[in-house]
Amino acid sequence: MANISKKVSWSGRGDDRGERTPLLNGAEDGKYNRHDIVRSRLKEIPHNAKLLSLKYESLDYDNSENQLFLEEERRMSHMGFRCLETRRWVICGLIGFLTGLIACLIDIAVEKLAGYKYSAVKQNIEKFTEFGGLSISLILWAVLNSAFVMVGAIAVAFFEPIAAGSGIPQIKCYLNGVKIPRVVRLKTLAIKVFGVICSVAGGLAVGKEGPMIHSGAVVAAGVSQGRSTSLKKDFKIFEYFRRDTEKRDFVSAGAAAGVSAAFGAPVGGVLFSLEEGASFWNQMLTWRIFFASMISTFTLNFFLSIYHGKPGELSSPGLINFGRFDSDSVQYNLYEIPLFIIMGALGGVLGALFNVINYWLTIFRIRYIHRPCLQVMEAMLVAAVTATISFAMIYFSNDCQPLGQDNTEEYSLQLFCADGEYNSMATAFFNTPERSVRSLFHNPPGSYNPLTLGVFTLAYFVLAVWTYGLTVSAGVFIPSLLIGAAWGRLFGILLSTITSSQSIWADPGKYALIGAAAQLGGIVRMTLSLTVILVEATGSVTYGFPIMLVLMTAKIVGDYFIEGLYDVHIKLQSVPFLHWEAPPTSHWLTAREVMSSPVTCFNRVEKVGRIVDVLSNTSTNHNGFPVVAHTTENDEPGKICGLILRSQLIVLLKHKVFVERASSRLSHRKLQLKDFRDAYPRFPPIQSIHVSQDERECMMDLTEFMNPTPYTVPQETSLPRVFKLFRALGLRHLVVVDNENRVVGLVTRKDLARYHLGKDGLEELHLAQT
Amino acid sequence: MDLLTKCTFVMACWAVTFITVAECSIYPSEMSGDSARKLPSAVVPVSQASTLGSFYSLSLSSTFPEDLGMNEYCIELLRIYRQRYVTYANCLVTYARPVKVCQNCYTGFNSLEDIYKNISSDQPGPGNVGCHDSLMRSDRLMLLYALFSKLDEIWTSAECKQCLTEDQEALSNDTVYFMATLNQSLACFEQYQRNHTELCKDCKASYKRLKELYGRMDKNQTLCIDLEDAMNITQQLWSKNFSCLLPREETVPVIAVSSFMLFLPIIFYLSSFLHSEQKKRKLIHPKRAKSNNSLMNIQDKFS
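So the sequence lines, in the order shown, correspond to chains G and E. Here the first sequence is numbered in UniProt numbering, starting from 1 and rising by one per residue. Here the second sequence is numbered in UniProt numbering, starting from 1 and rising by one per residue.
Calculated directly from the structure, the hints in this document are not laboratory data. Warning: the hint list may mix true and false statements.
[Stated by the list, open to error] Only pairs whose alpha carbons sit at most 20 Å apart, straight line, appear in this in silico SDA-like list of lysine to any residue:
| # | chain 1 | residue 1 | chain 2 | residue 2 |
| --- | --- | --- | --- | --- |
| 1 | G | 50 | G | 755 |
| 2 | G | 310 | G | 298 |
| 3 | E | 282 | G | 619 |
| 4 | G | 43 | E | 204 |
| 5 | G | 127 | E | 211 |
| 6 | G | 55 | E | 204 |
| 7 | G | 43 | E | 201 |
| 8 | E | 201 | E | 272 |
| 9 | E | 280 | G | 363 |
| 10 | G | 127 | E | 204 |
| 11 | E | 287 | G | 298 |
| 12 | E | 287 | G | 310 |
[Said to hold, decoys possible] Computed, partial: chain E to chain G, Cβ under 8 Å:
| # | residue |
| --- | --- |
| 13 | 111 |
| 14 | 114 |
| 15 | 245 |
| 16 | 273 |
| 17 | 280 |
| 18 | 283 |
Even glycine gets a Cβ: it sits at the ideal position worked out from N, Cα and C.
Hey, can you work out the whole structure from these sequences and the hints?
Spelled out as structure tokens, the structure:
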């Protein structure tokens, strides 16, 4: 217990090292603490990873069982519930279908645009190779890249910044129960799809797979609501699903459908949703999610087969196609397993290096490159430099290989090679990353020489680290696979030269696959779902065991240094993310220390003026208010009798449900649950509701609308116990009561998420305004 | 329409082969001893032939009764198949390196294909006997089928059809023209054998023409293995033997442009570090109960 400490200094990183006082302190220390805090209340610090932002709120997963809800349930027939179940299935089918269509659109658009770009540059290079002036081709390439990326970056930076990056961290947070503003809007989807097409066609070191997961999630959130608030269009269907509980279930189906379309891995998609998010899981939901995944991969497959002119030939289940590993050429032997494990460890180390560099780069970006025009400029520069490095590599490479039999290299460059040969560096650089991965996996032994691969790995590693976190929408899966495949293949080639026996070692494609798995595992640290995704994407169950071993090793080794890339970014965005378990060694913390106190409570029958005042107070911005029997004047806490949410109060105020108007309201219809759903999810801000001076004096009866049975805990409950309740039930507010059932405090997500295990034991994160 | 012509073509082929077979049976001198011995059975009715055959075979322990084994007609077909197969295989091996199979073996292939079609068609021959079952499918080896399908596969993968005319009876015009162009280049190479630098300069025009023609034909899909191989050899001559490679002359401008491009981000990051104001976060102190465990403290705070 002695080593547990709390930060007291609020200044930057540098000087908080020495000043630590024990967290479990007596009254004396507490006084000192408070003094210190008061002194520095308005202090500003540079952005860092140890903050919790105020802008994130929880989702309301817990159902409010108020009287309206009970009434509605009474009215609903048995048939009605059957219909609901059927509608859920229909929605899942639609989610899968639309996600598949979007994947198809992205795939075709990228292929077309990249095709135009590469053939233009190729023609130019061929012309200038003969007559001189290759530096002009270089500039042309750089300008084309920058132009594509500029369009994408402008869309993201100026119109929807939340669409930046792969979107997986955001979806992870959403499934964890954090409401990220604007993350599942239609506008975000449009910008995301457009942005990803631009950035992949712009030749950045990115993939189009990660954004698919985000796209699937947005589709799910949109379809399940039966309307779009962005387009102001309400189809009047699926109204029952307009609440966080249902939406979140559908979003997990959408994420699964996205993975499934991206990798052609339906089972992997389901497991991804399981691993990354949904803490609320039952067998029927799983089955529905699987249905959505299957529909999505089938849709993609079907439409791509039409596009390729062979309708009905369902042979491209995912965006990335790793190609088939023939079962007789890829077998592995028992004595290779230690080698695979070594590769896994290497992947873990390289992945950790990737994450550390990206961590510092991201901090720099948040602190200094926060203006949209700077972000666009940065993205353009990266695109230009990517083209430059690629060109220089190709120009100075002396590695020439004869053209393959079936011309797998669509944009092969000859440059200074002999006629009938092509530059093998160009197969890696002058291509979309997906194609490069495939040629690394499948090109016959001898297609690359070791020097080319080594230089390529190094250059691509730097580019990929630099690119991730730019203000463009793009994923990190493919670049990771590509880096891994390059060094894996290099590893395989070196092995076969050392042993010099042309036996089982001879196939470097196998090592490319293992290297790719190791690198990806080292960067994102996914376990179960990634194994299944890779097995499904390569279509070889034979490799299930080695891939699992490699991912395990990579995770163990990588976790020793730093967390996974997605977790790093979640932390840097100051999201109150709840992990599976409370931090260890936190049992001595009780609800009393964790909770916020005092609590703003409302009476069962409350004056409208007070409600409006509390809601409009910008400094507190509370969301849930315990309703107490009655509060006395001297702030003695009252006995709890319910909990009401800000959104409910706003709807009540909007409809002017005041006691004084009850008689006149009889002529009007009674307020129903539907009125609350119609306002969901964008409840109007309190400022937009006009309350006159007369109305301020009215009273409001909350009994009918509050949740009469909120979860409560006694003050002595330990932190892990509170944590478990929160995580398992998806709570948003947990009322802490004393032994007479009087409200003494309120635990919210931010109160729990601030504890985390640092280097010197338990540490607290600071709340900050971002 | 197309189908009709095909049908008539097949019929014509079949008729031609039938005539050949008929001729064969008329001139026994052309036949091998084995079939000659069984010749009489071809002229007697089938029903009698079977009894006769069984009678004959009693004296020859290595042969089977005719209805279980083969009839004359089928044996004849088999013999022709053998002859043509050998001719064609012989041709393939002869022109294997450098590859010239398409130009030289198409007649062989055509005739082999004819006889194969004849055997595999279920049209009954003279005496109402079809040879398809007895020749092709009587045993698990299915030798005739396997042999032909291998050769057919070779022919298909060589893409010889693309160099021949529609009916596979002659070389196509494109092919002939390509050969002519190729010969021009080779003649030019011959001329400057001594001096490679001059060769690179003077033969460039004809070589380039050849390359362009090749590229065009590649797009039109009028290439076959012969042309590909010839082009390959020529390319190797040009690049490896005469080493007419393009010089890497522009290293300096490329380096200059590259380093300029690489320099830009450094300026960008430095300037944004120096000029952009650092983003600060306002810390907020949350409301907390004092850690001392009584309600007194909470009241204390607000009194």
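Hints versus structure:
1. Among the hinted pairs, residue 50 (chain G) with residue 755 (chain G) is consistent with the structure: their alpha-carbon atoms are about 10 Å apart, no more than 20 Å.
2. Restraint check for residue 310 (chain G) and residue 298 (chain G): the C-alpha separation of about 15 Å stays at or below 20 Å, so the hint holds.
3. Restraint check for residue 282 (chain E) and residue 619 (chain G): satisfied, since their Cα atoms lie roughly 12 Å apart, inside the 20 Å limit.
4. As the CA atoms of residue 43 (chain G) and residue 204 (chain E) are separated by approximately 76 Å, the hinted pair breaks the 20 Å bound.
5. Taking the CA atoms of residue 127 (chain G) and residue 211 (chain E), the gap is about 15 Å. The hint holds against a cut of 20 Å.
6. Straight-line distance between C-alpha atoms of residue 55 (chain G) and residue 204 (chain E) comes to about 70 Å, which puts the hinted pair past the 20 Å bound.
7. Between residue 43 (chain G) and residue 201 (chain E) the alpha-carbon distance is near 76 Å, which puts this suggested pair outside the 20 Å criterion.
8. Using a Cα cut-off of 20 Å, the hinted pair residue 201 (chain E) and residue 272 (chain E) is violated, with the two alpha carbons roughly 54 Å apart.
9. Using a Cα cut-off of 20 Å, the hinted pair residue 280 (chain E) and residue 363 (chain G) holds, with the two alpha carbons roughly 12 Å apart.
10. For the hint linking residue 127 (chain G) to residue 204 (chain E), the alpha-carbon distance of about 16 Å falls within 20 Å, and the restraint holds.
11. The hinted pair formed by residue 287 (chain E) and residue 298 (chain G) fails the criterion: a straight-line CA distance of about 53 Å is larger than 20 Å.
12. Taken as a hint, the residue 287 (chain E) and residue 310 (chain G) pair is broken in the structure, with Cα atoms around 65 Å apart against an allowance of 20 Å.
13. With a cut of 8 Å, the hint placing residue 111 (chain E) at the interface with chain G is violated, because the nearest CB-to-CB distance is about 30 Å.
14. A cut of 8 Å between beta carbons decides the hint on residue 114 (chain E): the least distance to chain G is about 31 Å, and the hint is violated.
15. Restraint check, residue 245 (chain E) versus chain G: the minimum CB separation of about 6 Å is within 8 Å; hint holds.
16. For residue 273 (chain E), the shortest C-beta to C-beta distance to chain G is roughly 6 Å, which falls under 8 Å, so the interface hint holds.
17. About 4 Å separates the beta-carbon of residue 280 (chain E) from the nearest beta-carbon of chain G, less than 8 Å, and the hint is met.
18. Evaluation of the residue 283 (chain E) hint against chain G yields a held restraint, the C-beta minimum of about 5 Å falling below 8 Å.
Hint check: violations occur at hints 4, 6, 7, 8, 11, 12, 13 and 14; the rest are consistent with the structure.
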